[in-house]
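Quick note on numbering: the sequence shown equals residues 1 to 162 in our numbering.
Hints are not guaranteed to be accurate.
[To be verified] Quick list of simulated restraints, FRET-style, between CB atoms:
id : residue 1 : residue 2 : range
1  : N105      : N42       : 34 to 44 Å
2  : D148      : L18       : 18 to 28 Å
3  : Q143      : D79       : 19 to 29 Å
4  : V63       : G38       : 15 to 25 Å
5  : G161      : V63       : 43 to 53 Å
6  : G16       : N42       : 12 to 22 Å
7  : V39       : G145      : 14 to 24 Å
Derived from the structure by calculation, the hints contain no laboratory data. Note that the structure is predicted; figures quoted are calculated from it, not measured. Just so you know, even glycine gets a beta-carbon here, dropped at the ideal spot from N, CA and C.
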Amino acid sequence: MIMWAILSILVENKPGILFKVTHLFRSRNFNIDSISVGVTENPEYSRMTITTVGDEKQVDQIVKQLDKMIDTVEVRRLDEHKTVYRELCIFKIRLSNASDSMEVNKLANAYGGKVHDVKKDSIMVELTATPDQIRAFEELARQFGIIDVARTGVAALQRSGA
């Protein structure tokens with residue numbers, strides 16, 4: 001059964017580690033849906049959050065391979081029900097008339113988004129949400145015309161006691 005997986009990888013903060021991790025995925029013909037990387041509270045380590053899709057065997061195999069890497073401190077497959085995960089997305093949406101601006105504002109508010117850079121012909125909406133919520137917003141925003149989209153990739157931490 002194909003499933004979505006969130007992987008949290010704590011690595012030593014060294015040059016080339018991102019290449020090594022992404023190369024491991026590529027060499028196994030495994031796709032990365034999103035990736036976010038940042039230094040942790042300890043500057044010696046970085047946390048990578050990678051989302052991917054695969055069957056149980058494939059995901060287990062990639063976790064085992066990541067765990068064997070010398071610069072890897074910890075690899076965890078996060079349970080999405082016991083994890084706080086969000087992605088930042090910025091949409092540039094076409095405005096055909098003045099009423100479109102009000103409608104896009106209503107849509108942004110309904111999803112907890114923030115409106116930026118309102119111009120005569122476009123508006124930018126910043127949305128921090130789960131990937132499913134972002135897809136739902138995107139589907140509704142398509143009626144106006146999406147000019148461009150920038151996404152950060154998922155950031156995730158397991159809840160305490162989980």
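Each hint tested on the structure:
1. N105 x N42: 34 to 44 Å: holds (41 Å)
2. D148 x L18: 18 to 28 Å: holds (25 Å)
3. Q143 x D79: 19 to 29 Å: Since Q143 and D79 have Cβ atoms about 35 Å apart, the given range 19 to 29 Å is violated.
4. V63 x G38: 15 to 25 Å: Holds, since V63 and G38 (Cβ atoms, about 21 Å apart) stay within the stated range.
5. G161 x V63: 43 to 53 Å: violated (22 Å)
6. G16 x N42: 12 to 22 Å: holds (19 Å)
7. V39 x G145: 14 to 24 Å: With a Cβ separation near 38 Å, V39 and G145 fall outside 14 to 24 Å, so the hint is violated.
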